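> Protein chains in written order, with this note's numbering: chain A, 4 to 269; chain B, 105 to 392; chain C, 46 to 303.
It is worth saying that the hints were derived from the structure and are not from the lab.
Being a predicted model, the structure only gives us computed values, none of them experimental.
Accuracy of the hints is not assured; some may be wrong.
[What the hints assert, rightly or not] Distance condition first, Cα-Cα at most 20 Å in a straight line; then the derived EDC-like pairs of lysine to aspartate or glutamate:
| no. | chain 1 | residue 1 | chain 2 | residue 2 |
| --- | --- | --- | --- | --- |
| 1 | B | K305 | C | D153 |
| 2 | B | K213 | A | E259 |
| 3 | A | K8 | C | D153 |
| 4 | B | K213 | C | D153 |
| 5 | B | K212 | C | D153 |
| 6 | B | K213 | A | E263 |
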Amino acid sequence: MKRNKLAIFGLLVLGSFVVLAILAPMLAPYDPSEIIENETIPPSLKHLFGTDDLGRDIFSRALYGARISLTVGLVAVTIAVLIGTLFGALAGYYGGLLDSALMRMVDVMLAFPSIFLILAIQVMLTPNIYNVMVVIGLTSWMGVARLVRGEFLRIRELQYVEAARAIGCSDLRIIFRHILPNATGPIIVAGTLGMAGAILTESALSFLGLGVQPPMSSWGNMLMDSQAYMRDAPWMAIIPGILILFTVLSLYFVGEGLREKLNVRG
Amino acid sequence: MIGISLISFFIMHLAPGDPTALFIDPNVDPQELIRVRANWGLDQPIYIQYFKWLGNALRLDFGRSYLTGQPVILEIAERLPNTLLLMISSYILTLLICIPVGVYSAVKKGGWFDNLFTVLSFIGMAIPTFWVGLMLMLLFAVQLSWLPATGNLVLPLITMTIGSLAGLTRYQRAAMLEVLNQDFIRTARAKGLPERIVIFKHALRNALIPIVTILGLSLPDLFGGAFIIETIFAWPGMGRLGVQAIFSRNYPLIMGIVMFSALLIVLGNLFADIGYALVDPRIRYEKK
Amino acid sequence: MLEVKDLSVTYFTEAEAVSAVSGVSLLVAKGETLGVLGESGSGKSTLALALMRLVGYPGKIVKGEIWFKGQDLLKLSEAEMIKIRGARISMIFQDPFTSLNPVYSIGDQIAEAIQLHQQVSRREAWSRAKDMLSLVRLDSRRISDYPHQFSGGMQQRAMIAMALSCRPDLLIADEPTTALDVTIQADILKLLLELQRDLGLSIIYITHNFGIIKEVCRRVLVMYKGRVVEEGETLKVLNDPKDNYTKSLIESLRVLRT
Numbered sequence: 004m005k006r007n008k009l010a011i012f013g014l015l016v017l018g019s020f021v022v023l024a025i026l027a028p029m030l031a032p033y034d035p036s037e038i039i040e041n042e043t044i045p046p047s048l049k050h051l052f053g054t055d056d057l058g059r060d061i062f063s064r065a066l067y068g069a070r071i072s073l074t075v076g077l078v079a080v081t082i083a084v085l086i087g088t089l090f091g092a093l094a095g096y097y098g099g100l101l102d103s104a105l106m107r108m109v110d111v112m113l114a115f116p117s118i119f120l121i122l123a124i125q126v127m128l129t130p131n132i133y134n135v136m137v138v139i140g141l142t143s144w145m146g147v148a149r150l151v152r153g154e155f156l157r158i159r160e161l162q163y164v165e166a167a168r169a170i171g172c173s174d175l176r177i178i179f180r181h182i183l184p185n186a187t188g189p190i191i192v193a194g195t196l197g198m199a200g201a202i203l204t205e206s207a208l209s210f211l212g213l214g215v216q217p218p219m220s221s222w223g224n225m226l227m228d229s230q231a232y233m234r235d236a237p238w239m240a241i242i243p244g245i246l247i248l249f250t251v252l253s254l255y256f257v258g259e260g261l262r263e264k265l266n267v268r269g
Numbered sequence: 105m106i107g108i109s110l111i112s113f114f115i116m117h118l119a120p121g122d123p124t125a126l127f128i129d130p131n132v133d134p135q136e137l138i139r140v141r142a143n144w145g146l147d148q149p150i151y152i153q154y155f156k157w158l159g160n161a162l163r164l165d166f167g168r169s170y171l172t173g174q175p176v177i178l179e180i181a182e183r184l185p186n187t188l189l190l191m192i193s194s195y196i197l198t199l200l201i202c203i204p205v206g207v208y209s210a211v212k213k214g215g216w217f218d219n220l221f222t223v224l225s226f227i228g229m230a231i232p233t234f235w236v237g238l239m240l241m242l243l244f245a246v247q248l249s250w251l252p253a254t255g256n257l258v259l260p261l262i263t264m265t266i267g268s269l270a271g272l273t274r275y276q277r278a279a280m281l282e283v284l285n286q287d288f289i290r291t292a293r294a295k296g297l298p299e300r301i302v303i304f305k306h307a308l309r310n311a312l313i314p315i316v317t318i319l320g321l322s323l324p325d326l327f328g329g330a331f332i333i334e335t336i337f338a339w340p341g342m343g344r345l346g347v348q349a350i351f352s353r354n355y356p357l358i359m360g361i362v363m364f365s366a367l368l369i370v371l372g373n374l375f376a377d378i379g380y381a382l383v384d385p386r387i388r389y390e391k392k
Numbered sequence: 046m047l048e049v050k051d052l053s054v055t056y057f058t059e060a061e062a063v064s065a066v067s068g069v070s071l072l073v074a075k076g077e078t079l080g081v082l083g084e085s086g087s088g089k090s091t092l093a094l095a096l097m098r099l100v101g102y103p104g105k106i107v108k109g110e111i112w113f114k115g116q117d118l119l120k121l122s123e124a125e126m127i128k129i130r131g132a133r134i135s136m137i138f139q140d141p142f143t144s145l146n147p148v149y150s151i152g153d154q155i156a157e158a159i160q161l162h163q164q165v166s167r168r169e170a171w172s173r174a175k176d177m178l179s180l181v182r183l184d185s186r187r188i189s190d191y192p193h194q195f196s197g198g199m200q201q202r203a204m205i206a207m208a209l210s211c212r213p214d215l216l217i218a219d220e221p222t223t224a225l226d227v228t229i230q231a232d233i234l235k236l237l238l239e240l241q242r243d244l245g246l247s248i249i250y251i252t253h254n255f256g257i258i259k260e261v262c263r264r265v266l267v268m269y270k271g272r273v274v275e276e277g278e279t280l281k282v283l284n285d286p287k288d289n290y291t292k293s294l295i296e297s298l299r300v301l302r303t
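My request is simple: use the sequences and hints to build the entire structure.
Laid out in C-alpha cells, this is it:
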C-alpha cells in the first residue's frame, strides 16, 4: 500500500519534471544564458530561483538543466542496458567458456573505481554532453549484465525453452522470442535505477567540469559555479542539489513501484 | 589486475594531448622537444612503452610525475595514509551506525522508527554525495563557522559516511529480517529463551555475516567517493592527487594511482573473504 | 495432564482473516502419546505452536483454554510462559538443519537451555549436555561441532537432546521425521519411544503419515481444515472410521500399500 503511494508520488514528480523539461523553451521566463541583472539576487518573484554570479536567471537555467540531466540519464541508461543485456544474454544462454570469459570482463570492470575511469576518459576527450552519455553508458552496464545473465540461466532451464528447442527453433529465435521477453521485468526495474545512477554520475562529472560544459546548464555544473559563492549566494548551491535529489528520489520510487507490480525480486 | 593495467594504459595513450606540452615553453626549439620526448620514452611504440612500464611497475618503480618530477611512488606514499585514514574512519563510523539502526528497524518492523528510517534511507541514496559535502560546508563552515572548510577530518568524514550509510543500513535490515524468519529463531523461542537473547545472541550473530562481504564489495564505490570528496574539501589524499593527475595528464602518476587503487580494492576483497570465513563456521569447517 | 478446551487461532492478514484452528479440544495423559493426523493446511502445526503460545504475527489465539498442570497457559504472562517453554513443554521441528542455529555449536545450543532453566554453572550445563548427547546415541565428544557437520538424522537427535535436556513433561513433535530418510525415521521413532519410557514423557506427535501414528500413538486426533473431525484410540479409528475424511485418508493408505 505504502509502496504504491510512494510510486505514484514519484511518478508525479518525475512526470512533472519531464513535462517541465520538454516545455522548457516555452516556460523559461528568460534565456538561460542571457545575463539579466548585473548583480546576484536571491530568490524572489521576478526570479523564482534567484540569479547566479553572472546575473543569469537560475530558474530558466534549472529548466534547461532538467532537459540535460534527464536526457543524459535516459540515453546513458539505454546504452548501458543494451550492452548489459547483450553480454548477459550471451553469457547466460551459452554458458561455458563464453560465460566465464564475459563474466571475467565484468569482474575486471567492476573492480575499477568507475568514477576514476570516467574522469580519466573525460579528460582525454573534450568533454561535452555526448561523450558524457556514452561514457556513463559504457561504464555502468555490468550490473545489468549480471542481472540478465541470472535471468537467462534461470529461464533457460524452464520447460518451454526445452519445448522450443525440441521444435527446432534456432538459438537466436529462442533468445529473442522466448527468453528475453520474460526477462524484461528485472531489466526495466534496473533501468529506472540505472537512470537514477546515471543522473547522479552526470551531475558529479559536470560538477568537476568534466561533463556538460557551460554555457549549457546542467544541474551539476551549476553546482560547480556555486562553490565560490557559498557565503554570498547560497541558493546557487542549494537549489540544483534539491532538484537532483527529487529527480533521483522519484526515479527510485517509481523503480520500487515497478518492482512490486512486475513482481521482481530484490 | 593485469587486465586493469592494460585497459588503463591503452586508454591513456589513446588520448590526444601531448603531456610534454604542459611543461615546456612553446617557444622552445623543436629539437629540444624531441629530445625531451625521447627522454621520457614517449617516442617509442606503444607496446614497448607498456612492457617497459610493466617491468618497472613490478619493481615498484612507477616512473616520475610529469609535473613535479618526483617519483610517483613517493607522491602516492605521501598521500595514501590520508586517504586510508578517511576511508577507514568512514568504515568504522558507518558500521557503528548501520548495524544498530538496521537491526532495530528489522526488529521493530513497521514501527515508526522503521518507517522513518526507510524514508531517510531512500533520500540518502538519492542525494548526490558531493552536494551533501557542499551543504555541510555551507552550513558548518560558512554560515556557522563551527568547523574549517578544508583540512579538517570531520566534514569529509561525515560526507563520506552519509554516502555509504543508506545502502548498507538497508542491507543490514534486510539481512536481519531474513534471519528473523529462519526456523532456528523459532526453535530458540521454543526453548524458552527471552526475546532479548533470541535477538541479540541468535539472530544478530547470523545477520552480521553478510555485512562482511558487503563491506568488501562496497570498497570500489567508497574509493570513488573519496576522489570527489577529497577534491571538494581539499583533503590531501590519493583521490585528490588522482583528480589533479588526470587534469594535468600526468600519465605515470595516473597509472600509479590506478594500480594502487586496484590493489587496495583487491586487498579489501581479500580481507572481506577472510573475515567471512572467520565469522561463518560453515565455511571454516568442512562438512564431515 | 494437558487439557485443551475449544481452542481457536486466526491469522489476520491484510486481505482477510483466516481461521487456522477452530474449536479444537484435546486431552493428553501423563506418559501417553497422542497423535495428530492431518495434511498440509489442516492447522496441525498452528495447533502445536499455539500450545506453546508461539503463534507468530499476524496470528492470534482468539479463543479457548489450555490447561497444563493446573494452570491455564493462556492466562500466564510472557515471563511465566518463558519458564515453561523448553523446561516443562518442549518442541521439536520438521527440518532439523534449518531449526538449529548454524553459528553456534551443538553443545552451546543444548547447554543454553540447561543453563537458563536449571540455573547451573556453565561447566555443569556443558556436562549435562554431554550426557544428553549420549542419551540420544550421539558421540558426546562431538559436542563442540557445528550443526552442518552432522547428518540429518544426527541433527534431529541433537534437537531431541536439546528439547529433553530439562526433562520436560510434554514433548510436541511436529513432523520430526518427514524430512529424513525412511531408515533413519525408524531409528528416530525407536529413540523417542525409549526416551518416553525412560523419562515418563508425554508426546504429541504431529504427522500426515498414518503409518507412523499406528506405530507410535495409542490415541489419535484427525484434523481437517482447522477442526477435529475424528478422535479416539488409534486401532479403533483405523478399523472403524466415522468421518468421511478419515475414511478417505485410510483408503489412500491402503491403496498405496498395495
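> All hints are to be evaluated individually against the structure, with a verdict given for each.
Going through the hints against the structure:
no., hint, result
1, K305/B to D153/C, "11 Å, holds"
2, K213/B to E259/A, "18 Å, holds"
3, K8/A to D153/C, "47 Å, violated"
4, K213/B to D153/C, "29 Å, violated"
5, K212/B to D153/C, "28 Å, violated"
6, K213/B to E263/A, "19 Å, holds"
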